[in-house]
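Please put together the full structure from these sequences, using the hints given.
Number of protein chains: 4
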Amino acid sequence: MGGSIIGERFVAMSFGESHGRCVGIVVDGCPAGLPLDESDIQGLLDLRKPGQSVVMTQRKEEDRVEIISGIFNGNTTGAPICMLIWNKDSDSRPYEMIKNIPRPGHADYPAMVKYGGFADYRGGGRFSGRLTATLVMAGAVAGKLLKRTLGIETVAYTTEIGTVKAGNITPANIATRYSNDVRCPDPAAAEKMREAILQARKDGDSLGGVIECITSSLPVGLGEPIFASLESDLSKALFSIPAVKAVEFGSGFAGSKRRGSENNDVYMIRDGKVVTKTNNAGGILGGLSNGMPLVIRVGFKPAASIAKTQETLDIAKNSQTYLEVPGRHDPCVVPRAPPVVECVVSMVLADHAIRAGLIPPVLK
Amino acid sequence: MGGSIIGERFVAMSFGESHGRCVGIVVDGCPAGLPLDESDIQGLLDLRKPGQSVVMTQRKEEDRVEIISGIFNGNTTGAPICMLIWNKDSDSRPYEMIKNIPRPGHADYPAMVKYGGFADYRGGGRFSGRLTATLVMAGAVAGKLLKRTLGIETVAYTTEIGTVKAGNITPANIATRYSNDVRCPDPAAAEKMREAILQARKDGDSLGGVIECITSSLPVGLGEPIFASLESDLSKALFSIPAVKAVEFGSGFAGSKRRGSENNDVYMIRDGKVVTKTNNAGGILGGLSNGMPLVIRVGFKPAASIAKTQETLDIAKNSQTYLEVPGRHDPCVVPRAPPVVECVVSMVLADHAIRAGLIPPVLK
Amino acid sequence: MGGSIIGERFVAMSFGESHGRCVGIVVDGCPAGLPLDESDIQGLLDLRKPGQSVVMTQRKEEDRVEIISGIFNGNTTGAPICMLIWNKDSDSRPYEMIKNIPRPGHADYPAMVKYGGFADYRGGGRFSGRLTATLVMAGAVAGKLLKRTLGIETVAYTTEIGTVKAGNITPANIATRYSNDVRCPDPAAAEKMREAILQARKDGDSLGGVIECITSSLPVGLGEPIFASLESDLSKALFSIPAVKAVEFGSGFAGSKRRGSENNDVYMIRDGKVVTKTNNAGGILGGLSNGMPLVIRVGFKPAASIAKTQETLDIAKNSQTYLEVPGRHDPCVVPRAPPVVECVVSMVLADHAIRAGLIPPVLK
Amino acid sequence: MGGSIIGERFVAMSFGESHGRCVGIVVDGCPAGLPLDESDIQGLLDLRKPGQSVVMTQRKEEDRVEIISGIFNGNTTGAPICMLIWNKDSDSRPYEMIKNIPRPGHADYPAMVKYGGFADYRGGGRFSGRLTATLVMAGAVAGKLLKRTLGIETVAYTTEIGTVKAGNITPANIATRYSNDVRCPDPAAAEKMREAILQARKDGDSLGGVIECITSSLPVGLGEPIFASLESDLSKALFSIPAVKAVEFGSGFAGSKRRGSENNDVYMIRDGKVVTKTNNAGGILGGLSNGMPLVIRVGFKPAASIAKTQETLDIAKNSQTYLEVPGRHDPCVVPRAPPVVECVVSMVLADHAIRAGLIPPVLK
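Protein chains in written order, with our numbering: chain A, 2 to 365; chain B, 2 to 365; chain C, 2 to 365; chain D, 2 to 365.
Identical copies carry no separate label here, and so any pair may be met within one copy or between two of them.
Simulated crosslink set (SDA-like; lysine to any residue; CA at most 20 Å straight-line):
#1 Lys166 / Ala255
#2 Lys89 / Glu67
#3 Lys278 / Pro294
#4 Lys365 / Thr150
#5 Lys100 / Val276
Treat the hints as calculated values from the structure; they're not laboratory data. Remember, it's a predicted structure, so these values are computed and weren't measured experimentally.
Pasting the structure below:
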């Protein structure tokens, strides 16, 4: 079905470009009878939008969502929900200069080749981080659906920025993750992360980082063996977020260094429920949810757009050149990414919950 | 389309169970005119099969592939290619005892819940590592197709087993990766890995590890933006391999700690071709191949089946119990996994090459 | 993927409701480099819009298309093309009265049950004939693509209205099919059809009819055996048009009464090309195009909305009642349907032409 | 996903060729817990197999189904069900002669072009009517599932052979439809049909015909608006049957000649259930089931293989030639088609019943 569609029963189709008229997404398969209006989505978009603090790009984008189909009398109808954000007039002139000069670390060069020069390169076009706003829109619907029907909740937060690593993460401080600029539950680490980002920006440079994501109250048995394992479908969706280069579940790469006797999670009964003593599996066994919290870690590369002069090619002239990337950019995309990760995970889980027959086509 | 199907134009549908009559896969969308017979597949299956060396399970499985459709006069016809391996009589009796006693680290418990007790639990059923033989069958076809039409080749090899890490990896020693038991190009590390596995087995325990995978001669522009990024579709397929818990591309998690100026790859011309000086992107920018080698690292958890007694639950009795996992198992699945990783990657790349119009429906 | 999506490589996703904010469609998979603007679509929409003549509903809808993504510098970019029509303020009050009183022949009752009362029933919501405007938008893009790359053209015209049947149909008069109100190439029949429709309206009643569709210059070999036969995919798309209840190819039901020796088409060479003397197959053998013109006939039921009082149920009161269908309606939908049929056929053929590798991802 | 796959949640993938090793199909998405063994399928296969009576080809094919995955302890497990029939040694030599001489009315010529000469042409390969055995296998599973969970039953029977038309069709005689050679409920018409077929064979010719299909006990609301209307998905599947050239629902083409006031079905309450007085809609409104019996008519062309000498081309020599079609063939395929139509319809309805949440993933 091509790269603009994801999901089987909770399906989303993305459209729009960074500097085109809009960015949008159509969601099909959301059951009828879910109360929904723009405010359910706007809150998450606001947590993603640029310009919220000094660690982010100072571009101002209002990112006001409009729902243009699929809602009637305040509820979903079972029909496709089209949501979009009209782009404000952007200054696309600086991008003229990069038309033939691919920015290192960006999709410019492969897109140029793939689309024979027809792609809309302004602001990165389809490859812009701005498209993550569409993931938030679709995922906000999914998140509300999961919460209301199954009590499922997903939280994502920053655990690493550059070489700064969060220490103390607790359910209590996760709940306050959006109270600091970098969305790190550990306040001491958050402060250091903030400084590291400001320093990177001062140096005309950028930083990467890691986001951790936890989903609780997941029923047992979501996912389908082999090609639609939860890990398969979650990673597919997560790697749709620009700048993501690594995904691990549970003990992940660290688990690769362990012995089976250390890494296997022992089953036990707690409060009448089957649980495991540890959760090295990150809530997934054989591709299926096992009832324990889902634990994912997502690695983001440092933002490709940096102020520093970089060496690159002028493709038209076939010669080496130097480039200062135009525009105002995030010195680190990680602080804006937790709502995106939460929403992407919700989108996949909503699809699987419907596939597993756990959410009916009409909500009472 | 459910969890048994992958791909859009090069499509594979898996069937079969570990201790059922067979394991098999149907491949549709392979262009007509590719010379193909069982020997093209058997070689890769032989590299995956158990019992090849002391570091593997001593189970003997012949794993002889049969192609039962889609070939005529020694060539593919454009019709679906059904390939299968008939299972030899397995001793399924030991599995009776685990019917209600889920093995830690295995899919037993979520599968029991998901399928209401109807799943074929013998030997792990659909969740068995044995199913990776079907991935090898489909991927062997894809690999031959890619090699013949576009010169694309994929190699995978072990870089870590437990805490032992390969040092010196070169194109030359990668070429000999299958010459040692653990499939590690670095012979000194290979020897230590071998010892580590034998020690783990002696301890009734198991080890995990990491496999690295390189694809060369990839054309520029494979992949589709957003939901069918190469990272998305590759990770989806790789997480279909049992025991995989982590996937990273290029500099991956290590890149998350770097600055943009370090991690961005500078463009240059070499031999008249656009290349990058470094390859931190692992050959993928914006989800599209950029012409550099594809670099993937895949983390495997330690094998869940260990000889040591483990604590678990008797679900029928709702009480704690102890379990010795029946059967003969790999103390580490990594040495058998490189051909699986190679094949899975080929499968995804063949799909994308056809989608990009780079492989015609009929080969000349 | 649900009912709002069609196609595999040329994919369309529909959204919107009759009296909602808009009706729209997103097309993905259109190759880059196709010159496209609103005027390419508006012409076909104008042939479909209501109020063009006395045989149509006197509702005035401007149906002005806006392309809001996927075009840059006047060309397609390879990105999804979102097209929509903003609905003008409709008078939805009359529909309040039918909320619980299903109109005979409409989707009201099954939709009420399926969506638990949450569906947007105003103007028929998702089930309205107004949604065919979205098929025209997607199909207009497909039609231009097919014409420009492969010279393929599709024409549809009225052959029956009620019991009036066209006689003389020639390539010459097909070319002028849009010059009369009922889009019938035979002018004498057209006049009688017009009168029949006016009489039916006068009687507070409606008529059905038949549209024939011819595609020329189709290459040999479009379609895929079994489930994606051209007949399969064309009929699937054609039955998406409200009021269509019958589809036949070539000699169709009439062919069922013939002997094989009459119905088989004899091969011969004409102008150096393999053709058949007759075309009872309607251009399709074994589900594949055979190079002859595609011939389809599509049967439309009489419009369900009639002015006459009809007996029905009040579902809320569980009692028999009488209904006068509110709104201004077409006494016969057939005269507005030829552009819809043309566009739907183009959509399917564009998908198959791309699948067959006959249209590249970038147009030169 | 290509032409070998159908369905979204009840998915089938076909493989095999007429004179290859086997014909088979893999069904995924069948809920766990359905009692199933070969006998559930064999009965329907036996009604389709050749050689049952004088009106059929005298070829003897045993068509013995084997289930090779997806069943455990006599029940479905939720895993893919692979079913196949091993082909007996066929005499493929006669087909050598038609390698370059396309048979009129068959797929030979377009297949030759599409697959560049690589297709397996023996016995028609993938395009053979023999592949309908795979539809029966998948549909037999679907039919049992629908019967057991929702009480849905589908019956198909012959209403026309050549110009002979059945008159008196009643529920009682439908029940005995398989008691005569031609599967026509009206015994007097059946006798005339039988004679017509024998006469056609004597003349070295063939006949077509029409099959009617009724599904009862369908719940309200199956189908999805626009592209997955029940008519869309049913016709897509029905046109997958070789020789089908026409499909109509309810009053179909006859309805096109009527007025709305005649064709609209009036709602009423009968036995506490909402029904319609007439059933011109054939059980489908707006693409959704309305609770009335589904009524479909399927037109089959006369069998293309006839004994009479036919004119055609020698493609290799580029010259006109004469052909006597080799092999023993059905003078009319219609008598063998009712179980195929029943099964194809069941397959689509099972998919939609699962999509609508009416059949759970595990049966109790």
